[in-house]
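Based on the provided sequences and hints, a complete structural model is requested.
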Amino acid sequence: MWSTWADELGVSRLTLMAALGGAIATGGDHQEVFALLGVRDWAVAEPAVQRAYGRFAPGDLYPDALPTLDALRAAGFRVAIMGNQPASREAELRALGVKAEVMAMSDQMGVGKPDPAFFAAALRLMGDAPPGRVAYVGDRVDNDVVPAAEAGMRAVWLRRGPWGILQADTDGRAALVLDRLADLPGALVRSRAERRGG
Numbered sequence: 136m137w138s139t140w141a142d143e144l145g146v147s148r149l150t151l152m153a154a155l156g157g158a159i160a161t162g163g164d165h166q167e168v169f170a171l172l173g174v175r176d177w178a179v180a181e182p183a184v185q186r187a188y189g190r191f192a193p194g195d196l197y198p199d200a201l202p203t204l205d206a207l208r209a210a211g212f213r214v215a216i217m218g219n220q221p222a223s224r225e226a227e228l229r230a231l232g233v234k235a236e237v238m239a240m241s242d243q244m245g246v247g248k249p250d251p252a253f254f255a256a257a258l259r260l261m262g263d264a265p266p267g268r269v270a271y272v273g274d275r276v277d278n279d280v281v282p283a284a285e286a287g288m289r290a291v292w293l294r295r296g297p298w299g300i301l302q303a304d305t306d307g308r309a310a311l312v313l314d315r316l317a318d319l320p321g322a323l324v325r326s327r328a329e330r331r332g333g
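One gets the working numbering by counting positions in the sequence shown from 1 and adding 135 to each.
Everything labelled a hint here was simulated from the structure, so no lab data went into it. Since we're looking at a predicted model, the values are computed, not measured. Each hint should be verified, as a subset may be incorrect.
[Claimed, not checked] Restraint-style ranges between C-beta atoms, simulated for each label pair:
(1) Arg327 <-> Gly162: 27 to 35 Å
(2) Ala183 <-> Asp314: 31 to 39 Å
(3) Asp304 <-> Gly211: 29 to 37 Å
(4) Ala160 <-> Gly211: 36 to 44 Å
(5) Ala183 <-> Pro265: 39 to 47 Å
(6) Asp242 <-> Ala264: 16 to 24 Å
(7) Val237 <-> Gly173: 37 to 45 Å
(8) Val214 <-> Ala192: 20 to 28 Å
(9) Asp176 <-> Gly211: 44 to 52 Å
Where is the CB? At the ideal position from N, CA and C, for every residue including glycine.
In structure tokens form, the structure reads like this:
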């Protein structure tokens with residue numbers, strides 16, 4: 136997606152990624168990338184970017200995504216997928232073979248991360264799940280880990296992608312810190328056993 140933004144804005148992909156890294160490193164929001172590049176109204180370009188980007192494709196999924204979701208279900212965990220995305224992404228993900236008991240995007244929910252209402256809505260969509268029984272996995276400390284922990288969820292910080300690499304430590308807010316999504320099922324199984332007393 137970021138490469139498409141660079142192409143539509145007429146800047147090199149390297150320049151855009153450097154601006155993204157700079158925004159993340161200084162604790163800024165991803166929308167600050169556009170200000171760094173001198174783009175005053177990025178929303179004007181968004182429809183063109185969406186048309187150029189098109190749909191999620193198999194290459195947009197990390198290679199361990201589908202096997203990890205399968206392993207979670209095989210271990211008895213329910214899977215919910217929610218994110219700051221247009222509503223159309225749900226059908227695109229399902230078409231790629233992504234299976235989840237619950238899937239909703241911020242457009243459908245009417246609220247996005249890191250708003251506490253997003254996490255409250257997520258719990259409602261999961262059948263009013265008790266927050267302490269929900270492991271919320273995300274790659275952003277500010278958008279995922281901190282608000283999930285504040286909502287009472289077990290925040291799992293997945294350190295990959297631009298935010299996972301550049302953001303600072305979670306100050307102990309994450310219940311789990313992982314470098315590979317494939318490690319999640321085993322970590323949750325161990326955690327479940329520890330909570331049950333062995």
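Please check whether Ala160 and Gly211 have a Cβ separation lying inside 36 to 44 Å.
Given about 39 Å between the Cβ atoms, the range holds.
Using the C-beta atoms of Asp176 and Gly211, is the stated range 44 to 52 Å upheld?
holds (48 Å)
Quick check on a hinted range of 39 to 47 Å for Ala183 and Pro265, using CB atoms only.
holds (43 Å)
Return holds or violated for the Cβ distance of Arg327 and Gly162 against the range 27 to 35 Å.
holds (34 Å)
That 20 to 28 Å hint for Val214 and Ala192 (C-beta), does it hold up?
Holds: the Cβ-Cβ distance is about 21 Å, inside 20 to 28 Å.
Is the hinted range of 16 to 24 Å satisfied by the C-beta distance from Asp242 to Ala264?
holds (22 Å)
Can you tell me whether the CB distance of Ala183 to Asp314 sits inside 31 to 39 Å?
For Asp314 against Ala183, whose Cβ atoms are near 35 Å apart, the range 31 to 39 Å holds.
Return holds or violated for the Cβ distance of Val237 and Gly173 against the range 37 to 45 Å.
holds (40 Å)
Using the beta carbons of Asp304 and Gly211, state whether their distance is inside 29 to 37 Å or not.
holds (31 Å)
The structure fails none of the hints (numbered hints given earlier).
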